[in-house]
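S.K.: So the chains spell out like this:
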Amino acid sequence: MNGVPMAHGLVLAAVLFTLGLAGLMFRRNMIFMLLSLEIMLNAAGLAFIVAGMAWDQAEGQAMFLLVITLAAAEASVGLALLNQLYRRFKTLDIDTASGMRG
Amino acid sequence: MELAFYASGLVAVLATLRVITSTNPIHALLYLIVSLLAVALVFFALGAPFAGALEVIVYAGAIMVLFVFVVMMLNLNAAVTARERAWLGPRTWVGPSVLAALLLVVLLATLQHGDIGRVIEGDTLTAKAVGMVLFGPWLVVVELVAMLLLAALVTASHVGRSVSREADSGRDGA
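Residue numbers (numbering that gives the first Met the number 0), protein chains in the order written: chain A, 0 to 101; chain B, 0 to 173.
Check the hints yourself; a few may be wrong.
Unchecked claim - The calculated label-pair distances, taken between Cβ atoms and stated as ranges, are:
(1) A:89 x B:139: 43 to 51 Å
(2) A:55 x B:134: 14 to 22 Å
(3) B:26 x A:90: 13 to 21 Å
(4) A:94 x B:134: 44 to 52 Å
(5) A:86 x B:3: 43 to 51 Å
(6) B:156 x A:88: 18 to 26 Å
(7) B:113 x A:94: 37 to 45 Å
(8) A:97 x B:125: 44 to 52 Å
(9) B:118 x A:88: 23 to 31 Å
(10) A:89 x B:125: 19 to 27 Å
(11) B:120 x A:89: 48 to 56 Å
(12) B:17 x A:97: 22 to 30 Å
Stated by the list, open to error - Example chain B residues on the side facing chain A (calculated, C-beta under 7 Å, incomplete):
(13) 8
(14) 95
(15) 106
(16) 118
(17) 132
(18) 154
(19) 159
What the hints assert, rightly or not - Chain A regions said to be covered by chain B (calculated; three or more residues, Cβ under 8 Å):
(20) 20–31
(21) 36–49
(22) 76–85
Derived by calculation from the structure, the hints in this document are not laboratory data.
Just so we're clear, the structure is a prediction, and the values are computed from it rather than from any experiment.
Ideal placement from N, C-alpha and C gives every residue a C-beta, glycine not left out.
Take the sequences, apply the hints, and build the full model.
M.R.: Structure below.
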């Protein structure tokens with residue numbers, strides 16, 4: 000065998016993305032939801048790298064750089080929200096923040 | 000290169016599975032770091048060393064350490080783990096897992112019908128090529144990403160302010 004078929008890399012990205020999506024749907028703790036979001040973003044970055052390497056173009060890695068920046072921005076805002084949730088409700092259960100106060 | 004790809008891909012999937020099923024937040028974080036390192040090895044195996052190094056330094060190094068700091072600030076204890084275990088009954092995870100599995104089937108079927116017969120030889124694309132793209136035709140995108148990071152900084156420092164100061168400013172605003 001010589002080289003990795005592009006389909007295998009994309010299958011790995013799809014599996015990781017689906018695992019992250021399942022985790023996002025069935026967890027109620029906000030930490031685990033943020034971790035699942037990170038998994039999904041990482042899987043998207045993996046798909047970019049696989050596609051970029053299959054066509055021997057550097058754009059895939061450049062796009063991965065942008066995905067990683069987006070993940071950093073999302074993580075910082077999400078962790079600030081998590082901190083605020085814990086301070087106000089003393090719990091990380093996302094359902095406690097389901098009501099609005101107008 | 001093939002062995003490295005398949006072995007680290009397997010490690011990534013297994014570690015990710017443990018992330019979403021773990022009940023202890025710190026254990027989940029450490030499993031996620033293992034998964035990210037495995038994905039970085041996948042990048043090295045595919046011939047993208049710059050992306051692999053970024054994955055280790057920025058993702059596993061910076062973002063995950065931020066998560067670890069926040070989780071340590073929250074002072075979680077055994078009661079949290081027990082509650083997580085109570086939340087993770089089969090009634091909770093069967094439905095979403097079936098939906099996600101269906102989505103995976105659709106994704107794989109789409110992949111099978113797509114034009115993706117290419118094979119990745121593993122020729123290295125170094126940081127020089129990436130830099131030529133980023134600071135040549137993609138310069139505007141780099142500037143936009145800088146503004147995104149600035150917006151994230153402002154948002155995080157606004158949302159993350161302490162409650163007492165927030166109450167004061169709320170009185171002033173009203």
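S.K.: Starting from the hint list further up, note which numbers the structure goes against and sort them upward.
M.R.: 9, 10
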